[in-house]
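Dock chain B against the given chain A, drawing on the hints supplied.
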Amino acid sequence: MDNFIGFGFLLLLLFIGLTFGKRNEARHYRRIRRRERESAHIPIIISEWKDSLSPEDRYDLVHGSVVVGSDYFKTFAAGIRQIFGGNVTSFETLLDRGRREAILRMKEQAMSKGADKIINMRLETSSIGSNQQGKGGLPSVEIHAYATSVASVTRA
Amino acid sequence: MSETMQLTNIEIIPGREIIEHYGVVLGSTVRSKHFGRDMMAGLKNLVGGELQGYTELLQESRDEALKRMKEQARDMGANAIVNVRFSTSSISAGAAEILCYGTAVLVK
Chain A
1 MDNFIGFGFL LLLLFIGLTF GKRNEARHYR RIRRRERESA HIPIIISEWK
51 DSLSPEDRYD LVHGSVVVGS DYFKTFAAGI RQIFGGNVTS FETLLDRGRR
101 EAILRMKEQA MSKGADKIIN MRLETSSIGS NQQGKGGLPS VEIHAYATSV
151 ASVTRA
Chain B
157 MSETMQLTNI EIIPGREIIE HYGVVLGSTV RSKHFGRDMM AGLKNLVGGE
207 LQGYTELLQE SRDEALKRMK EQARDMGANA IVNVRFSTSS ISAGAAEILC
257 YGTAVLVK
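From first to last, the protein sequence lines stand for chains A and B.
For the first sequence, the numbering used here begins at 1 and goes up steadily by one.
For the second sequence, the numbering used here begins at 157 and goes up steadily by one.
What the hints contain is simulated information worked out from the structure, not anything from laboratory work.
For glycine and all other residues, C-beta sits at the position ideal for the given N, C-alpha and C.
Mixed in with the good hints there might be a few duds.
With a straight-line cut-off of 27 Å between C-alpha atoms, the simulated DSS-like cross-links for lysine-lysine are [unchecked claim]:
# : chain 1 : residue 1 : chain 2 : residue 2
1 : A       : Lys50     : A       : Lys113
2 : A       : Lys22     : B       : Lys223
3 : B       : Lys223    : A       : Lys113
A short list of chain B residues far from chain A (calculated; beta carbon distances all over 10 Å) [to be verified]:
#  : residue
4  : His177
5  : Val180
6  : Thr185
7  : Val203
8  : Glu206
9  : Arg218
10 : Asp231
11 : Met232
12 : Val240
13 : Arg241
14 : Thr259
Just some of the chain A residues that point at chain B, by a computed CB distance under 7 Å [as the list claims (entries may be wrong)]:
#  : residue
15 : Asp2
16 : Val68
17 : Ser126
In isolation and in its complexed conformation, chain A is listed as follows (with noise of 0.2 Å):
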């Protein structure tokens, strides 16, 4: 009877990743699409670019971060991939949100600062939350982008 309990309560928590994990996804990856849209004018370059910067330009460092959790459904769909080996498409969604939602913070911290460009950017991924032989606790993952942002002085 216990078995049995224990099995409905599983069966329970993997219906609920499924549904509201995967309409939580759905909405965070629209949010994310249309604030890209939005953000497009502000290029984000990776290097230095040290021949272009203008003396007169302002610069800063900005960053943002995210911390992303994975939910029962996807940890045992991860689980049972784990077995045949290949991609882990549940966690690869995960990180790809939690990455594009840094990087989204950091230009909007950016853009509020009155910044027309990006330079430098890192990033940086750790994970944090679940123990070390990840038992316990489902994987959650922090994401960091910092960068240089760079605002031109208004040239009237």
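Relative to the frame of chain A, chain B by itself:
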């Protein structure tokens, strides 16, 4: 506190000449999540996605680390920090260390 510290993660501050180098400055914090936040994040974990409690927590600790780094640079007499880098590592299941470091310089 009279002058604001200028930070960049490129090697120079364009248009300003570096007249003195003070070497590496760093700031770090180790923070653990508190119980209430942990509970909320645990509930949020059911559906996945962003864990806002943790995002805020890490942002606060990053600000603290930056503040400590700036204080160290100010004590040395610097007015800017170039080449700033960040790094995060989880120390135990409930705690994370955030480190930032850079080169303290005096610019003119």
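For each hint, the structure was consulted:
no.: 1; hint: A:Lys50 / A:Lys113; result: 21 Å, holds
no.: 2; hint: A:Lys22 / B:Lys223; result: 39 Å, violated
no.: 3; hint: B:Lys223 / A:Lys113; result: 19 Å, holds
no.: 4; hint: His177; result: 18 Å, holds
no.: 5; hint: Val180; result: 17 Å, holds
no.: 6; hint: Thr185; result: 14 Å, holds
no.: 7; hint: Val203; result: 4 Å, violated
no.: 8; hint: Glu206; result: 6 Å, violated
no.: 9; hint: Arg218; result: 7 Å, violated
no.: 10; hint: Asp231; result: 20 Å, holds
no.: 11; hint: Met232; result: 19 Å, holds
no.: 12; hint: Val240; result: 6 Å, violated
no.: 13; hint: Arg241; result: 7 Å, violated
no.: 14; hint: Thr259; result: 13 Å, holds
no.: 15; hint: Asp2; result: 22 Å, violated
no.: 16; hint: Val68; result: 6 Å, holds
no.: 17; hint: Ser126; result: 4 Å, holds
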